[in-house]
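Chemist: Listed below are the residues making up each chain.
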Amino acid sequence: DQQVKQNSPSLSVQEGRISILNCDYTNSMFDYFLWYKKYPAEGPTFLISISSIKDKNEDGRFTVFLNKSAKHLSLHIVPSQPGDSAVYFCAASAQGNEKLTFGTGTRLTIIP
Amino acid sequence: DGGITQSPKYLFRKEGQNVTLSCEQNLNHDAMYWYRQDPGQGLRLIYYSQIVNDFQKGDIAEGYSVSREKKESFPLTVTSAQKNPTAFYLCASSSFSGGAKNIQYFGAGTRLSVL
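Line by line, the protein sequences are chains A and B. For the first sequence, counting from 1, position 43 maps to 55 in this note's numbering; every step adds exactly one. For the second sequence, counting from 1, position 46 maps to 50 in this note's numbering; every step adds exactly one.
These are computed hints drawn from the structure, not numbers from a lab. Check before you lean on any hint, since a few could be wrong.
Okay, the calculated beta carbon distance ranges per label pair [as the list claims (entries may be wrong)]: (1) 74/B / 94/A: 38 to 48 Å; (2) 118/B / 81/A: 22 to 32 Å; (3) 87/B / 13/A: 20 to 30 Å; (4) 30/A / 115/B: 47 to 57 Å; (5) 11/B / 82/A: 35 to 45 Å; (6) 54/A / 84/B: 20 to 30 Å; (7) 38/A / 30/B: 17 to 27 Å; (8) 42/B / 82/A: 22 to 32 Å; (9) 91/A / 84/B: 42 to 52 Å; (10) 88/A / 119/B: 41 to 51 Å; (11) 19/B / 27/A: 44 to 54 Å.
Think of the CB as a built atom: it goes at the ideal place given N, C-alpha and C, for glycine as much as any other residue.
This is chain A alone, in the form it adopts within the complex (with noise of 0.2 Å):
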């Protein structure tokens, strides 16, 4: 069973404007959740999470929303570079728990 959900395999975001990927979770003991940026033949890069006590943290161009009733986090870049073309893992992990389960991805593209 798909624990952590990304629904959009690919999202397509003008160069400038604000991308929005979507991440949605079924087990309720999740209470810390991580956003991962990921080039091709390259490793996942940490961008930036949220633990469950919170509903928004941001870095710079980078805001993670998590919505706790609905199950459902959200990464916001804004504004969109051209170096932010990459494929995006949302991933999650319960309490007392250093395993994380991963979303399958979605790959944004920013058009310049």
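Position chain B against the provided structure of chain A, taking the given hints into account.
Modeler: Only chain B this time, still in chain A's reference frame:
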């Protein structure tokens, strides 16, 4: 500088052969992980280790084996029992502080193909 080194970058396996993927970290992290990525899929956990000489199966451990004899090293062996080994393999590590949440950091990966 600190990081996670995976080698080789590309690896080819013949039928019936065991191959070993190397993962070394100099971040002084306690926990290490092995993931497999297939096209269009997320990362799936193969094995993980939170401490030297101890490791646990992940979601897809069948056909794989690991060892953790040193804190810095967590090699993965893909055995002949793994019938579909072609994939991109990723190693990760994190510091482990009980209930505190820690970020996993990844190596550059090894692409394994079957000849």
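Chemist: Taking the hints in turn, state whether each one holds.
Modeler: Here's how the hints hold up against the structure:
Separation of residue 74/B from residue 94/A is about 41 Å and conforms to the stated range, judged on CB atoms against 38 to 48 Å. As the Cβ distance of residue 118/B to residue 81/A is approximately 46 Å, the hint placing it in 22 to 32 Å is violated. Evaluation of the 20 to 30 Å hint for residue 87/B and residue 13/A yields a pass: the beta carbon distance comes to about 23 Å. The hint said 47 to 57 Å for the Cβ distance between residue 30/A and residue 115/B, and at roughly 34 Å that hint is violated.
Distance hint for residue 11/B and residue 82/A: a CB-CB separation of about 43 Å, consistent with the stated range 35 to 45 Å. At roughly 29 Å, the beta-carbon separation of residue 54/A and residue 84/B lies within the given 20 to 30 Å, and the hint holds. One distance hint, 17 to 27 Å for the beta-carbon pair residue 38/A and residue 30/B, is violated here, with the actual separation near 37 Å. The supplied range of 22 to 32 Å is met by residue 42/B and residue 82/A, whose beta-carbon atoms lie about 29 Å from each other.
For the hinted restraint 42 to 52 Å between residue 91/A and residue 84/B, the CB-CB distance of approximately 51 Å keeps it satisfied. At about 45 Å, the CB distance of residue 88/A to residue 119/B agrees with the hint of 41 to 51 Å. For the pair residue 19/B and residue 27/A, the supplied restraint of 44 to 54 Å holds, since their beta-carbon distance comes to about 48 Å.
Hints 2, 4, 7 from the earlier list are contradicted by this structure; the remaining hints agree with it.
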